[in-house]
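So the sequence lines, in the order shown, correspond to chains X and B.
First residue of the first sequence: -13, per the numbering used here; consecutive thereafter.
First residue of the second sequence: -13, per the numbering used here; consecutive thereafter.
Errors might be hidden in some of the hints.
You can't tell identical chains apart in this list, so a pair holds if it fits in one copy or across any two.
When the alpha-carbon atoms are kept at most 30 Å apart in a straight line, the in silico DSS-like pairs for lysine-lysine are as follows [as the list claims (entries may be wrong)]: (1) K27 <-> K125; (2) K62 <-> K20; (3) K58 <-> K124; (4) K87 <-> K20; (5) K125 <-> K62; (6) K125 <-> K24; (7) K58 <-> K87; (8) K27 <-> K124; (9) K27 <-> K62; (10) K87 <-> K125; (11) K24 <-> K62; (12) K27 <-> K58.
No lab work stands behind these hints: they were computed from the structure.
Protein chains: 2
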Amino acid sequence: MLQLYLIRHGIAADRHPQTYPDDRQRPLTDAGVKKTRKIAKRLAELGLHFDHLLTSPLIRAQQTAEILVNAKLSTKPEISATLAPAGELQDWLTWYNTIPKTGNNGDVAIAVVGHQPDLGQWAEQLIWGEVREKLIVKKAGVIGVNLPDDGEIIGQSELFWLVPPRFLL
Amino acid sequence: MLQLYLIRHGIAADRHPQTYPDDRQRPLTDAGVKKTRKIAKRLAELGLHFDHLLTSPLIRAQQTAEILVNAKLSTKPEISATLAPAGELQDWLTWYNTIPKTGNNGDVAIAVVGHQPDLGQWAEQLIWGEVREKLIVKKAGVIGVNLPDDGEIIGQSELFWLVPPRFLL
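The whole structure should be built from the sequences, with the hints applied where relevant.
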């Protein structure tokens, strides 16, 4: 079994052309860091562990991934440009196709940290093969998708978890 | 805002033609009662409260609904034949169309206790307008759907929560 966790970055500073002329540099707020830490702690308490942790190169996503690592949910995150805003699922699948599909205990768990609306759209493509924008994914929210062990995964995956952050605090 | 929680009954006794010649009489097991109580407690801790609680007439569903009431998640449940196995969403909508769409604090929360694969199929019809059987709904699992305040709800609703029971214990 292969489980994919799509995790949206935590609450970040507001867009501001003077303070953050480059939107990619916008950091998590102090409250965002605190809340994301609580959520990471809860995910660890639920027994989650990720064999792979990929993150968008944007600062707010990288900070979120670091918080997950500090909660012992995974080891060092890998930066993937495919997870930047407007990244394409098909490009991410190029990476996905290179990794071994069995882990130590038989299962493999992958987490990706990224942005909306991309994460919800990726999940919809995996599950229904098309985008309908019907999944509500708040900041620091998590989507859990079971990917088939082999063969086509687009439209062939199953949704097992969607959780708003307020239910993880 | 209108929130619909679709809740699958807890773990019940195995089908057995001698002990339970009428499948509708199969009760929750002791372990099923215990686990469902824990989940109900957690739902209450998360701040949930249902203005309406409807249950399938089958014993295992009625017992689950009673546990929700005992956890103060709602008052007395109402039995609805539409929630029995193979019940039709369209028939349930006849009831839904009769209730007021605003509550004390503006929002209305409705919970229905029923069976698989029906609950997952109803949620899919509400969200995507069609059934694909791609939602994993374990016993005592919960699906949360936001229904639009007015107009068509089939294919116009949004999924905000899907939770396996192991993440509610």
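Checked hints:
no., hint, verdict
1, K27 <-> K125, "both (16 Å within a copy, 26 Å between copies)"
2, K62 <-> K20, "within (20 Å within a copy, 39 Å between copies)"
3, K58 <-> K124, "both (23 Å within a copy, 28 Å between copies)"
4, K87 <-> K20, "neither (34 Å within a copy, 36 Å between copies)"
5, K125 <-> K62, "within (22 Å within a copy, 36 Å between copies)"
6, K125 <-> K24, "both (13 Å within a copy, 28 Å between copies)"
7, K58 <-> K87, "within (22 Å within a copy, 44 Å between copies)"
8, K27 <-> K124, "both (18 Å within a copy, 24 Å between copies)"
9, K27 <-> K62, "within (17 Å within a copy, 36 Å between copies)"
10, K87 <-> K125, "both (29 Å within a copy, 28 Å between copies)"
11, K24 <-> K62, "within (19 Å within a copy, 35 Å between copies)"
12, K27 <-> K58, "both (9 Å within a copy, 28 Å between copies)"
Checked against the numbered hints above, the structure breaks only hint 4 and satisfies the rest.
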